[in-house]
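Now for the letters of each chain:
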Amino acid sequence: MEPILEIDGLTKIYAGGLKALDDVQLTIKRGEIFALLGPNGAGKTTLIGAVCGLVRTNGGTIKAFGQDLTKNWRSARAKIGLVPQELATDMFEEVGRFVAYSRGLFGLPSDPARIEEILRSLSLWDKRKEQIRALSGGMKRRVLIAKALAHEPDLLFLDEPTAGVDVELRRDMWKLIGAMRERGVTIILTTHYIEEAEEMADRVGVIRQGKILMVDDKAAMMARLGRTEAVISLVRPIAELPSSFADYPITLSDDGTELCYRGGDGSGKGKADVAAITKALTLAGIDYDGIDVHESSLEDIFVDLVEHSEGETA
Amino acid sequence: MIGFNVRSTWAIYTRELMRALRTAFQSILAPVLTTSLYFIVFGAAIGERMPDLGGVGYGAFIVPGLLLLTLLSESTSNASFGIYMPRFTGTIYELLSAPVGVAETLVGFVGAAATKSLILASIILLTATLFVDYSIAHPVLAIGYIMLVAASFSLFGFILGVWADSFEKLGIIPQLFLLPLTFLGGTFYSIDMLPKPWDTIALFNPIVYLVSGLRWTFYGTSDVNIWVSFGMTIGFLILCVGIIAYIFKTGWRLRD
Ligand SMILES: Nc1ncnc2c1ncn2[C@@H]1O[C@H](COP(=O)(O)OP(=O)(O)OP(=O)(O)O)[C@@H](O)[C@H]1O
Ligand SMILES: [Mg+2]
Numbered sequence: 001m002e003p004i005l006e007i008d009g010l011t012k013i014y015a016g017g018l019k020a021l022d023d024v025q026l027t028i029k030r031g032e033i034f035a036l037l038g039p040n041g042a043g044k045t046t047l048i049g050a051v052c053g054l055v056r057t058n059g060g061t062i063k064a065f066g067q068d069l070t071k072n073w074r075s076a077r078a079k080i081g082l083v084p085q086e087l088a089t090d091m092f093e094e095v096g097r098f099v100a101y102s103r104g105l106f107g108l109p110s111d112p113a114r115i116e117e118i119l120r121s122l123s124l125w126d127k128r129k130e131q132i133r134a135l136s137g138g139m140k141r142r143v144l145i146a147k148a149l150a151h152e153p154d155l156l157f158l159d160e161p162t163a164g165v166d167v168e169l170r171r172d173m174w175k176l177i178g179a180m181r182e183r184g185v186t187i188i189l190t191t192h193y194i195e196e197a198e199e200m201a202d203r204v205g206v207i208r209q210g211k212i213l214m215v216d217d218k219a220a221m222m223a224r225l226g227r228t229e230a231v232i233s234l235v236r237p238i239a240e241l242p243s244s245f246a247d248y249p250i251t252l253s254d255d256g257t258e259l260c261y262r263g264g265d266g267s268g269k270g271k272a273d274v275a276a277i278t279k280a281l282t283l284a285g286i287d288y289d290g291i292d293v294h295e296s297s298l299e300d301i302f303v304d305l306v307e308h309s310e311g312e313t314a
Numbered sequence: 001m002i003g004f005n006v007r008s009t010w011a012i013y014t015r016e017l018m019r020a021l022r023t024a025f026q027s028i029l030a031p032v033l034t035t036s037l038y039f040i041v042f043g044a045a046i047g048e049r050m051p052d053l054g055g056v057g058y059g060a061f062i063v064p065g066l067l068l069l070t071l072l073s074e075s076t077s078n079a080s081f082g083i084y085m086p087r088f089t090g091t092i093y094e095l096l097s098a099p100v101g102v103a104e105t106l107v108g109f110v111g112a113a114a115t116k117s118l119i120l121a122s123i124i125l126l127t128a129t130l131f132v133d134y135s136i137a138h139p140v141l142a143i144g145y146i147m148l149v150a151a152s153f154s155l156f157g158f159i160l161g162v163w164a165d166s167f168e169k170l171g172i173i174p175q176l177f178l179l180p181l182t183f184l185g186g187t188f189y190s191i192d193m194l195p196k197p198w199d200t201i202a203l204f205n206p207i208v209y210l211v212s213g214l215r216w217t218f219y220g221t222s223d224v225n226i227w228v229s230f231g232m233t234i235g236f237l238i239l240c241v242g243i244i245a246y247i248f249k250t251g252w253r254l255r256d
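As they're listed, the protein sequences go chains C and A.
For the record, in the first sequence the residue sitting at position 216 is 216 according to the UniProt record's numbering, with numbers rising by one throughout.
For the record, in the second sequence the residue sitting at position 146 is 146 according to the UniProt record's numbering, with numbers rising by one throughout.
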């Protein structure tokens with residue numbers, strides 16, 4: 001796949017001396033949804049700002065649409081959309097006008113039909129005549145999304161699009177993002193809800209203290225780092241594991257009442273193993289009265305990664 | 001890459017004008033009221049007892065100066081608020097991420113501020129006719145000069161709005177410098193009425209050149225040679241454009 005964004009050796013040191021980005025390397029493929037995960041202060045917003053022209057960088061290069069951003073910024077920016085993390089709005093402006101302005105600002109001719117379509121898709125059409133200050137927080141965020149979509153960007157940055165948004169709107173947002181992907185829009189989003197990345201992203205990157213810790217396909221990452229854990233409670237304690245279970249990563253608890261399975265790879269192999277093990281237990285005449293299975297999520301992987309790297313750098 | 005985005009510029013320009021329309025009543029009424037008071041007190045009441053200055057009645061003499069007083073403060077405050085507010089609310093992110101450079105931003109913001117000033121200038125000149133008799137010797141030059149001053153001080157206001165990091169700072173420059181310099185710049189008198197050495201010291205006040213230049217376009221007489229005035233105004237304009245180009249190049253106070 002042809003890359004839409006290539007970031008190489010990007011470094012940002014803020015005025016106070018804080019290194020917010022440290023030699024960041026990142027390539028985004030055209031048409032993908034990329035989730036950038038990281039704890040507070042990791043550098044996610046800074047990274048987005050560097051691409052969108054809000055942050056001056058101290059080194060490295062950014063190529064967008066195949067060309068150096070410092071040279072082709074004008075044509076590149078026309079095709080990039082940004083929904084900022086902070087709810088920055090003009091309180092006294094009308095919703096409809098505010099969104100239409102964005103389209104003009106990005107150099108496109110006015111197109112009321114397109115603006116209507118965008119407002120409707122975000123359930124803002126009824127609010128188009130309202131002043132922004134009369135909207136709720138979640139509604140304001142939708143206005144910012146509408147503004148970012150008004151110039152029909154090919155590359156869209158969503159900086160925590162679902163922060164402070166209720167469950168229903170979050171589902172709507174996921175749908176909307178799915179629809180944009182259908183239209184071929186490349187999306188880079190940051191989030192603190194791991195389920196969001198798990199639900200939508202094709203690839204996931206983890207950033208911490210300005211460094212990218214890992215970037216991988218979501219499926220590959222889950223397969224590589226994912227685990228299944230199963231605890232089988234036995235009705236009667238057993239002294240040792242029958243030899244037929246030697247092939248499985250199983251341990252027997254000290255009191256002999258629990259079998260603990262820990263294995264698989266996040267691709268479903270673990271669950272199949274557990275099913276096979278229960279069958280073998282039945283065949284061996286070992287009775288059990290409870291099975292507790294837990295698939296590690298992207299969240300577990302993320303927490304592991306961040307905590308692990310914390311030990312390394314500390 | 002060189003380019004100029006006409007649509008973006010138009011979007012900024014119209015939006016800024018619309019923003020002013022939302023408060024049209026206050027933003028026009030207040031300066032009109034203030035200038036009317038000046039005309040009543042200095043033009044009609046005191047002016048009656050004053051001798052003519054350079055062949056011009058006192059009431060008429062102060063018209064260009066008062067016009068300038070309003071032009072300077074309105075251009076400065078309009079443009080400075082225009083760029084300060086997005087910085088304050090955070091909506092500047094959109095401008096910075098848009099395909100617009102210094103040229104579009106300037107023409108958009110400064111153009112809108114200057115337009116507002118020009119509308120206001122016309123209203124003030126009309127209001128003045130109610131209180132004093134005056135005529136304009138070189139109308140075309142007068143309009144040109146008014147536009148030049150409006151543009152220059154809108155640029156100055158823009159710089160102020162980028163520099164300020166609080167509402168206090170935004171208000172203090174006009175109060176602390178512009179107002180006194182304008183009062184001392186010959187708004188109500190001709191600088192050769194000043195005793196020595198103040199008439200020479202006054203020449204270090206840049207506003208003297210603006211007032212004098214505008215007065216020349218009205219009555220054909222002035223304290224300073226018209227070309228010197230004109231040159232000083234153009235010089236100020238170029239200086240402001242230079243500073244703004246530098247601000248955009250370095251991202252000073254705009255980009256983190
Ligand atoms: N304007 C600024 N001046 C100085 N330091 C800054 C500035 N903006 C951000 N930082 C610092 O840079 C680091 C990265 O901040 P950034 O906003 O990019 O983090 P983030 O990953 O987006 O965090 P969050 O999840 O909280 O949004 C933080 O330590 C932050 O304090
Ligand atoms: Mg952030």
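Be careful, since some hints might not be right.
To be verified - Below, simulated DSBU-like cross-link-like pairs (lysine-lysine); rule was C-alpha separation at most 30 Å, straight line:
| hint | chain 1 | residue 1 | chain 2 | residue 2 |
| --- | --- | --- | --- | --- |
| 1 | C | LYS79 | C | LYS211 |
| 2 | C | LYS140 | C | LYS175 |
| 3 | C | LYS19 | C | LYS29 |
| 4 | C | LYS79 | C | LYS218 |
| 5 | C | LYS79 | C | LYS29 |
| 6 | C | LYS127 | C | LYS140 |
| 7 | C | LYS71 | C | LYS140 |
| 8 | A | LYS169 | C | LYS63 |
| 9 | C | LYS63 | C | LYS29 |
| 10 | C | LYS19 | A | LYS196 |
| 11 | C | LYS29 | C | LYS279 |
| 12 | C | LYS71 | A | LYS249 |
| 13 | C | LYS211 | A | LYS249 |
| 14 | C | LYS269 | C | LYS63 |
| 15 | C | LYS79 | A | LYS169 |
For the record, the hints were derived by calculation from the structure and aren't laboratory data.
Structure-based check of all given hints:
1. Between the alpha carbons of LYS79(C) and LYS211(C) the distance comes to roughly 27 Å, so the proposed pair stays at or under 30 Å and holds.
2. As the CA atoms of LYS140(C) and LYS175(C) are separated by approximately 18 Å, the hinted pair is consistent with the 30 Å bound.
3. Taken as a hint, the LYS19(C) and LYS29(C) pair is honoured in the structure, with Cα atoms around 27 Å apart against an allowance of 30 Å.
4. At most 30 Å may separate the alpha-carbon atoms for a hinted pair to count; LYS79(C) and LYS218(C) meet this at roughly 26 Å.
5. The hinted pair formed by LYS79(C) and LYS29(C) meets the criterion: a straight-line CA distance of about 15 Å does not exceed 30 Å.
6. Between LYS127(C) and LYS140(C) the CA atoms are separated by roughly 11 Å; this keeps the pair inside 30 Å, and the hint holds.
7. Using a Cα cut-off of 30 Å, the hinted pair LYS71(C) and LYS140(C) is violated, with the two alpha carbons roughly 34 Å apart.
8. Distance check on the hinted pair: LYS169(A) and LYS63(C) sit about 39 Å apart at the alpha-carbon level, beyond 30 Å; violated.
9. Restraint check: the Cα-Cα separation between LYS63(C) and LYS29(C) comes to about 12 Å, which is no more than 30 Å; the hinted pair holds.
10. Between LYS19(C) and LYS196(A) the alpha-carbon distance is near 60 Å, which puts this suggested pair outside the 30 Å criterion.
11. About 44 Å separates the Cα atoms of LYS29(C) and LYS279(C), which puts this hinted pair outside 30 Å; it is violated.
12. Simply put, LYS71(C) and LYS249(A) have alpha-carbon atoms about 14 Å apart, close enough for the 30 Å limit, and the pair holds.
13. In summary, the hint linking LYS211(C) to LYS249(A) is supported, as the alpha carbons are separated by about 28 Å, within the 30 Å threshold.
14. In summary, the hint linking LYS269(C) to LYS63(C) is not supported, as the alpha carbons are separated by about 40 Å, beyond the 30 Å threshold.
15. For a cut-off of 30 Å, the pair hint linking LYS79(C) to LYS169(A) is broken: about 37 Å separates their Cα positions.
Of the numbered hints listed earlier, those contradicted by the structure are 7, 8, 10, 11, 14 and 15.
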